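Residue 1 is where the sequence shown starts when you use this note's numbering, and the numbers rise one by one after that.
Derived by calculation from the structure, the hints in this document are not laboratory data.
In this text, all values refer to a predicted model and were calculated from it rather than measured experimentally.
Beta carbons: idealized from backbone N, C-alpha and C, even for Gly.
Since no wrong hints were added, every one of them can be taken at face value.
Listed next, the in silico DSBU-like pairs over lysine-lysine satisfying Cα-Cα at most 30 Å (straight line):
id : residue 1 : residue 2
1  : K70       : K216
2  : K651      : K271
3  : K853      : K1078
Ranges between beta-carbon positions, derived for each pair:
id : residue 1 : residue 2 : range
4  : F850      : E569      : 49 to 59 Å
5  : F850      : I986      : 34 to 44 Å
6  : H992      : H815      : 40 to 50 Å
7  : K216      : G4        : 48 to 58 Å
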Amino acid sequence: MHHGLYRPELEHDSCGIGAVVDLTAEASHETISDALFMLSNMEHRGGRGADPKTGDGAGILIQIPHEFLKDITARTEIDLPEKGSYGVGMTFFPKNKQLFQKSKDLLNQIIEELDFELIGYRPVPVDETVPGSGALEVMPNIEQLFVRHKKGLTGLDLERKLYVLRNHSTTQINNQIPGVNQSFYFASLSSRTLIYKGQLRTDQVLPFYKDLQNSKIESAFAIVHSRFSTNTFPNWRLAQPFRCLSHNGEINTIRGNLNKMKSKEMLMQSKYFSDEELQMLMPITNKLNSDSANLDAMVELLSLSGRSISHAMMMLVPEAWQDNEVMDRDRKAFYKFHASLVEPWDGPAALLFTDGENVGATLDRNGLRPLRYFITKDDRLVLSSEAGALPIREATIVQKGRISPGKMLLADLNKGKVLFDEEIKSDICKSQPYEKWVNEQRIKLRLEPDPEVLAHPYSTENIHKFQTIFGYTSEELKVVLAPMGANGQEAIGSMGADTPLAVLSKQSQHISNYFKQLFAQVSNPPIDPIRERLVMSLFTRIGEGHNILEESPQHTRQIHISQPVLLNESLEKIQNMESQGYRAVKLYAHFRADHQPGRMLEALDTLCKQAEEAVNVRKNILIISDRNSNEEWAPIPSLLAIGAVHHHLVKKNMRTKAGLVLESGDIRETHHFATAIGYGASAINPYLALESLLEQFEKGIFPNIKDRKTLFSNYQKAIGKGLLKVLSKMGISTLQSYQGAQIFEAIGLGPEVIDRCFKGTISRISGISFDELAEEVLIRHRAAYHTHSPTLETGGVYQWKRRGEKHLFNPETIHLLQKSTRLNDFELYKKFAAKINEQSRDALTLRGLFEFKKRISIPIEEVEPAESILKRFATGAMSFGSISHEAHSTLAIAMNRIGAKSNSGEGGEDEVRFERKENGDWERSAIKQVASGRFGVTSNYLTNAEELQIKMAQGAKPGEGGQLPGHKVDEWIGRVRHSTPGVGLISPPPHHDIYSIEDLAQLIYDLKNANRKARINVKLVSQAGVGTVAAGVAKAMADVILISGADGGTGASPLSSIRHAGLPWELGLSEAHQTLVKNNLRSRVVLQTDGQLRTGRDIAIATLLGAEEWGISTAALVVEGCIMMRKCHLNTCPVGIATQNPELRKLFTG
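Whenever a hint applies, use it, and build me the whole structure from the sequences.
Next comes the structure, spelled out in structure tokens:
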């Protein structure tokens, strides 16, 4: 049972990593001491919370120091055998004495059962005065375990047996002994390596572990890790290094990786492990572990199952290969082959890895984490996440550089030299005839001949009936679909979303509207899809998965699809490939339309059972179709159907045995595709969307489109570009990794729906059941079959319509606000406030569901005076360029008059505004924004501010950058922004100097030095997990944290981003406040919020949820004259606000 909005699974971390390697393989204490010195120099890469002595975690991995251990155990009962013939376990036992003894007793029993002999235990000497109080409270009992195998095994044979012992004993002890609760843990259990780590600061590892202070402890290499976490809840096991890896970064696709691995586990067989041992190893990955720990577990499995560790890293973190025209054929064939075995573990990553004999380093395909290397004259390799971590005299360096994206380096201690990318990968890529296997077995769908006759030809007959059934609106056809067909682009909108959440709306909803896209901010950068297009890929594959511990031609027997939007011809190709080994079956997703309760759930049960039976009879492609619905049978929403089947097959450990394809009438826009793919679909045939475009084409709506082929191609391009944006928001490069990754939060679906169809999805606000979802479908179904000529619903989502969706700002409320403020009429304003508040109570917003508790009133004289409260207000960040000079400066003057703050936005500010006018008015914005494009940011700009705001995300389009079209960039704006007039300006989605929390901490530090008096504000957008990010930002020494609602946003943005990315501020603000309180960090920062704030009631609720300051944007523009035409991006604003057209600017009245 969760209380509050904080969820531990949403924690993030960023890190500093380093290694020192003696290439001669000679062990020395100097290697260890240098590595620890390097670690202590990366304290800025580590984090600390409210208790300054409690770090986020640090550690060191070394070779087993046999001589040292032999020496210190000589005076005990422990008699160590020869080097390499025994294993040492750095064991974290529960602190409780009874649990400690029970754990040790069960461990001893398992040691005996697995044919090991217990040599003894050694309490590890530590200094308990070193850790902070938070770390000390949960510090485990740390002992070293010594064991040898009764058959005298050594080398990899012994390592494999120790691996089984570690996994099996960890699972058994944590699961079988009540109260242990994951507090039993092996930091390491190996005959090769030993790990000293804990909930420590970087400078605490050496004084805490007394072993490390002994000059006799020696190693030929040492790997270190410093953790900067967004949480500060002490947990010793989260510290790194892990057994194989030291990881700086995030695995953004972790949910999908874990789901797929669960099925892969059932297919595993190995000549190195018996079937019984493989069962003892389960589960290989575990959702209770961090993303880094799970990646480490995968590397360890693959490298102990016959592959080299470099091979394993290439499989799991591949370089960008799909669109690389200069990559050699052997290497490309290697990646093509392994793409059939395992999807990339995708996300920004700098990785140091070791198998106990060699030490390597690699970067992910984007290279968004730094990693540098130095080779010295005395045969030492130094690796670190930044230059200077270990001081090295320049004269001693023979080679240095940085590791490039996707590239690898390996210190081979047997050869005594450093191998670089080409040398490492060349041998691996030639180890099997991968190119031959791929060419013989893999099929490219686009090269297969089209069917001569379509079983389902495109038809526009009765199309309005089907559009009604599947919830199309006339607005969607015009605003969403038409631009895709016309020019291959997603539609753009502006002025945010002031419509209700799907669960609160009285309009029929597409089920994907209950899901909000997650996005990367601070702990992990979004990807720039324009700059990084080469490393991004939409390729997908369909077919059967095989045992990942082996390699054979059969493994690559799959259908390769270059992008996931299938035309009818492509779907029919897939259905007719049985002779080539692809056995497809079509399963119909329908439920009986008789309004009886339980019908949809009953139909889903039947569908899942049919899917299971199909897999059991060796069908390896399941096509889930909603075609052929009729008066008696209504279609199950595609997302429900794919989610239910996907999770049923995962639960039955059958998911990798078949690919899932959708034949769907209700999927039409980018977000629909993103959710369906995110819950398991490999490819989708949106047959009704294609026919709807065809109908528009036949009506002459696309005069520049010559034929159907071009029309459909444009649609595929538009969806592809939209999907790349969705992927890039989350920092994901490949669709293959995104598939099944479930990177959403559900709002308003009941627990039975989540558990059945979307298991593992974050869902903090419950809601409707299967029966209510069925009723939504049946309302449309009835309208289609029981109306003579069904007309489509109006829609009214993107623009207010009298018969459409409700909007907070409509003609009546706009008129009341403008008139009341122009006349300074408080009574008229109260009418406006009443209308807005009544709308809220009519369930347009989450805050509308709140009711104030009855309290005894206090005299008004005891309340903070209005003049003081006004200082807590700010306008939102609206740039000069997106809005006119008149609109921008008017906001600044108004806010300065009342003692509040205006925000410059990201477009700079003309220096003439820094001086007061003769009449005392001041056009200077008190808050100056620093965004990713750095437009207009100069030292003078930074100095002329009371507050500097770092924009990490924007409510209108979180995970994306701002954009100003070239026609808006005149001479004046070009000068202020230090850019070229007439050239469009795009802010990249990430700050290219902020790829992690510690990078943000550096910018905060720099800005504090640029303007010593200014507060530093970090702008975040509300989403699940924003609380843990806020904790990290507080630890990075920000003064103010703004939680911006995703429903706000005055900027131009793709419509799918406006509607579907991020959450209302109520959720984000509450989570941030609760998490900061839980971490004892709340007193460090001021919390601010914005996003569709309209009335005093909104401000009061925001304050009760944790906000001390509030931002107003849309309402401020409405007061200036905005009439919500939502055409800001077109430069045609009829009231002179969002335009640079001189004639239109004259219409501004202020």
